[in-house]
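Q: Single-letter residue listing:
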Amino acid sequence: MKLNFLFPSKFKRIGWFTLIPSAIIGLLILIYEYEPSFLDFNVPAIFVDELFSVNRKTFRMVANNILNEILGVLIIISTFLVAFSKEKSEDEYISKIRFESLAWAVYFNYAILILTLLFIYDFAFLWVMVFNMFTVLLFFIVRFNWQISKLKKSASYEE
Amino acid sequence: MKNSIKVERAKKNITQAELAKLAKVSRQTINAMELGKYVPSTVLALRLAQIFEVEISGIFTLEDSDWV
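In the order they appear, the protein sequences are chains W and Y. Take 117 as the starting number for the first sequence in this note's numbering and just add one per residue. Take 64 as the starting number for the second sequence in this note's numbering and just add one per residue.
These are computed hints drawn from the structure, not numbers from a lab. Where a beta carbon is used, it is the ideal one built from N, C-alpha and C, also for glycine. Possibly wrong hints are sitting among the right ones.
Partial selection, computed: residues in chain Y whose CB lies under 10 Å from chain W [what the hints assert, rightly or not]:
id: 1; residue: Ala-83
id: 2; residue: Ser-89
id: 3; residue: Arg-90
id: 4; residue: Gln-91
id: 5; residue: Asn-94
id: 6; residue: Ala-95
id: 7; residue: Leu-98
id: 8; residue: Lys-100
id: 9; residue: Pro-103
id: 10; residue: Ser-104
id: 11; residue: Ser-128
Please model the complete structure; the sequences and the hints are all you need to start from.
A: Structure representation (structure tokens):
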């Protein structure tokens, strides 16, 4: 089976090299609310303030510090590279493991989301939503790589 | 589904790695098929039949559990 949505295998390494630093920096600027003034810009926004309020404003320019946007995009793109680069020996069995891991990650992610929805409130829940932007793919990466390493171990003997 | 890949491999006297190379899959896939952990696609099954020069039904056989 040919999968067309995968990147060449060398992109996996590039993904890791971008993901790890940008995830660490992203977390730090989130915790310390670091917003360097040279990244303050007026940026186009589709919605301003509340989406469903009566005095909602649409399609305006708003002042914003773009550091967290840059890091968010970097993290998502690098996570995609890590998750969807071909294995060196990508074949139909690996594809099957890939799909199973992806389905598993979606189930797991939403199970966790239901739990947090029920037991975490207010600003703490906002943090959950921030992490939830990335967790489906992160759960996928963990599960898939674990399955692959298990596979390599189980196949390391030969008679 | 049962298969006789291991037997056919022994007849041809080739290793899992050599068969993997011939069938253009990874050795882990050959191993998983021999252990009954993975059912190959029709394309891979046909490739194996061609490599072993047998009918596809000579390698793969249905079991009762395949009808459930």
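Q: Each hint should be assessed against the structure and marked as holding or not.
A: Evaluation of the provided hints:
| no. | hint | in the structure |
| --- | --- | --- |
| 1 | Ala-83 | holds, 9 Å |
| 2 | Ser-89 | holds, 4 Å |
| 3 | Arg-90 | holds, 6 Å |
| 4 | Gln-91 | holds, 4 Å |
| 5 | Asn-94 | holds, 4 Å |
| 6 | Ala-95 | holds, 6 Å |
| 7 | Leu-98 | holds, 8 Å |
| 8 | Lys-100 | holds, 9 Å |
| 9 | Pro-103 | holds, 7 Å |
| 10 | Ser-104 | holds, 5 Å |
| 11 | Ser-128 | violated, 19 Å |
In this structure, the one hint that does not hold is number 11.
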